[in-house]
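Below, each chain spelled out in residue letters.
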Amino acid sequence: MERVLLNFPFVAAALLVGISLYIIIFKRNLIKLIMGISMMASGVNLFLVALGYRAEGNAPIYTEVPAGRMVLPVPQALTLTSIVINVAVLALMLTMVIQIYRHTGSLDAEKSRRMKG
Amino acid sequence: MATLITHSPILIIAIPLVAAFLTPLIGMAGSKARNTLVVVSLTFVAFLVFALARDVVANGIRVYTLGSASPSLTIPPGSMVPVRIILEVDAMSIFFGIIWAIVSLAAAMFSLSHIADETGQNRFYTLLLLMVTGGFGMMFTGDLFNLFVFLEIASISGGALIAFRTRSADTQEGGFKYIVVSAIAGLMILFATGLLYAQYNSLNMATLAHVIQFTASDKIALALLLVAFTMKTGMVPLHLWFPDAYSVAPASITGMLVITSHACMYAAFRVCFTLYGGVIDGLVVGWIIVITGLLTMFVGVTMAVFQKDVMRFMSYHAISQLGYMWVGVGVGLAVLGTPELGTYGRDAMTGGIFHILNHAMYKPLLFFTGGALFHCTGTRDLAKMGGLAHKMKWTAILYIIGTLSISGLPPLNGFSSKILIYESVYRFHPILTMTGIIVSILTLASFTKAFHSAFMGAELPEYEKVREVPRSMIIGMVILAAGIVFITLFPAQVVGWILRPAANALIDQGAYINAVMGAIP
Amino acid sequence: MTFILESGYSFWNPLVWIILFLVMMVLIYFFRRQGQEKYKKDTEQAQIFLCGAEVPAPGERHIRVGNIYWGFFETLKEYYNQILKLHTGIINDYVAWFVAVTAITAVILLMAGLGK
Chain Y
59 MERVLLNFPF
69 VAAALLVGIS
79 LYIIIFKRNL
89 IKLIMGISMM
99 ASGVNLFLVA
109 LGYRAEGNAP
119 IYTEVPAGRM
129 VLPVPQALTL
139 TSIVINVAVL
149 ALMLTMVIQI
159 YRHTGSLDAE
169 KSRRMKG
Chain W
4 MATLITHSPI
14 LIIAIPLVAA
24 FLTPLIGMAG
34 SKARNTLVVV
44 SLTFVAFLVF
54 ALARDVVANG
64 IRVYTLGSAS
74 PSLTIPPGSM
84 VPVRIILEVD
94 AMSIFFGIIW
104 AIVSLAAAMF
114 SLSHIADETG
124 QNRFYTLLLL
134 MVTGGFGMMF
144 TGDLFNLFVF
154 LEIASISGGA
164 LIAFRTRSAD
174 TQEGGFKYIV
184 VSAIAGLMIL
194 FATGLLYAQY
204 NSLNMATLAH
214 VIQFTASDKI
224 ALALLLVAFT
234 MKTGMVPLHL
244 WFPDAYSVAP
254 ASITGMLVIT
264 SHACMYAAFR
274 VCFTLYGGVI
284 DGLVVGWIIV
294 ITGLLTMFVG
304 VTMAVFQKDV
314 MRFMSYHAIS
324 QLGYMWVGVG
334 VGLAVLGTPE
344 LGTYGRDAMT
354 GGIFHILNHA
364 MYKPLLFFTG
374 GALFHCTGTR
384 DLAKMGGLAH
394 KMKWTAILYI
404 IGTLSISGLP
414 PLNGFSSKIL
424 IYESVYRFHP
434 ILTMTGIIVS
444 ILTLASFTKA
454 FHSAFMGAEL
464 PEYEKVREVP
474 RSMIIGMVIL
484 AAGIVFITLF
494 PAQVVGWILR
504 PAANALIDQG
514 AYINAVMGAI
524 P
Chain P
56 MTFILESGYS
66 FWNPLVWIIL
76 FLVMMVLIYF
86 FRRQGQEKYK
96 KDTEQAQIFL
106 CGAEVPAPGE
116 RHIRVGNIYW
126 GFFETLKEYY
136 NQILKLHTGI
146 INDYVAWFVA
156 VTAITAVILL
166 MAGLGK
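Chains Y, W and P, in that order, give the protein sequences.
Per the working numbering, the very first residue in the first sequence carries number 59; after that it's consecutive.
Per the working numbering, the very first residue in the second sequence carries number 4; after that it's consecutive.
Per the working numbering, the very first residue in the third sequence carries number 56; after that it's consecutive.
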């Protein structure tokens, strides 16, 4: 039972990535597509944080730490960096979608294909 | 000087970064001061890169440990594994560094007048320098997560630069496609990094390469890393975003994007040869790479013949040329660890890497001439051009140099790398060489077509007022053309100086590991 | 200073080609100088002659890009129809290709390991 509980975050991360891939591939609205990418980022971040978790671990801060194991600090650092990067990507994508909407008056990915072939 | 070289791996990354954030500040003092800052910082970086290259070729791999007492102290005392971020520069990294230094300098020179009429130039140069930082970081880092961070720095600034001309809709669309593809590829790389970290508790590539097992989840991580970098490189069938993004960016940025694509290719090679080098199923992965390369060559060139937009036409050619490098290095991977490596594998890899160098010279040059055409005529549509050689003699001559080089006509440099590839991959499988030659012929045919429709013919009345492009654009193009002429004249010297060491560095996984793990046998 | 690039099978020397190229240029220049004696500059000899028909204006007589290699595209029509269908220009399809190729590569790598 404990194993199942410990693996639960990984299942959730896989579900998040799977659902977001479905959204990105099948939803033609550009805003929904961006939501999908944001969700995928959350899924990957959840995966990273879950990697570093140790059962009943403490926060990895060395001052006045109680006895016992600590969770891994590196995945948390990675997640923080990844969140910052994803905020930048998200902001950039949203500005571009605003510009696309200004020019074409539409958020449909099928209409936003001036370039093909 | 010795101190400078010791610290140059981090300086090469840090100087463009600092200059990027100084740019808006200095920009308030006027555009001349800002342009001087950009050009001077890039020139100094190029100088450092060449100094470091001399050192690396002579003395072997150079490591730089961030935050430790001495840069060469990779493993802290009392620890068994490296915990700090390590930059690791071997011949392969510095080879890409040289390309990036030359092309970014040429692109900055070209931008000076190509962008002169636009608003927001301070931000343009900030992003350009950030992109330079990201590229150098990708090439020099020895840390898998750091690779992801620098990839994202290059992608975000690249995406913003593609969409720099906000007044038309297609730039926004191209930039959006680029950033979506980059974001997804980047997340998959992060996911694969997580998979590797979960098993081996390390992010350092040398440490990982030392302990990697090739379990099932390692294979999935390899597939994710390989395909994500393949997508960012722009290989068929993942090339669809490539012409969309490249054709709308300002021409100087397109030239630089070609090299970020090469940087992703470098990362893919690094993953295959160094990270998984000891355990990889070379034949299978090698064949996957070779088949992707063949598809890329053929589909890229046939699509290029069809195009009517000058930048889009050149982007498809860029895709097609990427296939040659992929085939050359893929053959090397397929025969890794077998006796064939000595007989032809090493030559195939050298040829593939040589083609990267040549492509990095002539493709930005061609993109710049395309940008010069756009600058003068205000259109990218080849059907609307004609007779421009009368007015733009320099551009026409530089275009011819680029064309002859990309088509692999002797005696230009494109030929010397193609002959290396053809003769070595022929012994792996003859079909590779045949495809290569057919693609080369089609390349020449389509460039002739574009040359005819843009430059030849009588002067058209609508382009009576067209003048030759400003001097700084010509200087940017001439820097690259000089590179082409140099490589044309001295192919053996270039191959002996940097390309064979680069191929050997890729093959010799042990040296890469030892440079970091030195104390542990 | 050797200019010879060994390719493992044969060799390549750019100098030979450049010298050959220069010799050919000299020859071409020599033949061109022989020239037509009756040619005079800036007379009607320099005009375009089109079987007596009227010569169109510069903009009209330039062969535009769409008309070049017509036969090539006509022959490969089927191929181009198929390949252009793949280039949809829709961003969602780009990601779909990525997912498909990743899945195929992962399956190939996992299958290849099973045999050993």
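The set of hints was computed from the structure by calculation and includes no laboratory data.
Keep in mind that the hints are not guaranteed to be accurate.
Okay, the calculated bits of chain P under chain Y, using three or more residues with CB under 8 angstroms as the criterion [as the list claims (entries may be wrong)]:
| # | stretch |
| --- | --- |
| 1 | 74 to 85 |
| 2 | 136 to 145 |
Straight-line C-alpha distance at most 30 angstroms; calculated BS3-like pairs for lysine-lysine [to be verified]:
| # | chain 1 | residue 1 | chain 2 | residue 2 |
| --- | --- | --- | --- | --- |
| 3 | W | K387 | Y | K174 |
| 4 | Y | K174 | P | K132 |
| 5 | W | K468 | W | K394 |
| 6 | Y | K85 | P | K140 |
Using C-beta positions, here's what the derived DEER-type ranges look like [what the hints assert, rightly or not]:
| # | chain 1 | residue 1 | chain 2 | residue 2 | range |
| --- | --- | --- | --- | --- | --- |
| 7 | P | L139 | W | A485 | 36 to 46 angstroms |
| 8 | Y | G163 | P | Q137 | 28 to 38 angstroms |
| 9 | Y | F68 | W | P342 | 40 to 50 angstroms |
| 10 | Y | R112 | W | L76 | 24 to 34 angstroms |
| 11 | W | F47 | Y | A113 | 51 to 61 angstroms |
| 12 | W | S171 | P | E99 | 42 to 52 angstroms |
| 13 | W | S171 | Y | Y111 | 45 to 55 angstroms |
| 14 | P | V81 | Y | R172 | 46 to 56 angstroms |
Cβ coordinates follow ideal geometry from the N, Cα and C atoms, glycine included.
Evaluation of the provided hints:
no.: 1; hint: 74 to 85; in the structure: violated (count 0)
no.: 2; hint: 136 to 145; in the structure: holds (count 5)
no.: 3; hint: W:K387 x Y:K174; in the structure: 19 angstroms, holds
no.: 4; hint: Y:K174 x P:K132; in the structure: 18 angstroms, holds
no.: 5; hint: W:K468 x W:K394; in the structure: 9 angstroms, holds
no.: 6; hint: Y:K85 x P:K140; in the structure: 20 angstroms, holds
no.: 7; hint: P:L139 x W:A485: 36 to 46 angstroms; in the structure: 39 angstroms, holds
no.: 8; hint: Y:G163 x P:Q137: 28 to 38 angstroms; in the structure: 33 angstroms, holds
no.: 9; hint: Y:F68 x W:P342: 40 to 50 angstroms; in the structure: 44 angstroms, holds
no.: 10; hint: Y:R112 x W:L76: 24 to 34 angstroms; in the structure: 29 angstroms, holds
no.: 11; hint: W:F47 x Y:A113: 51 to 61 angstroms; in the structure: 52 angstroms, holds
no.: 12; hint: W:S171 x P:E99: 42 to 52 angstroms; in the structure: 47 angstroms, holds
no.: 13; hint: W:S171 x Y:Y111: 45 to 55 angstroms; in the structure: 49 angstroms, holds
no.: 14; hint: P:V81 x Y:R172: 46 to 56 angstroms; in the structure: 51 angstroms, holds
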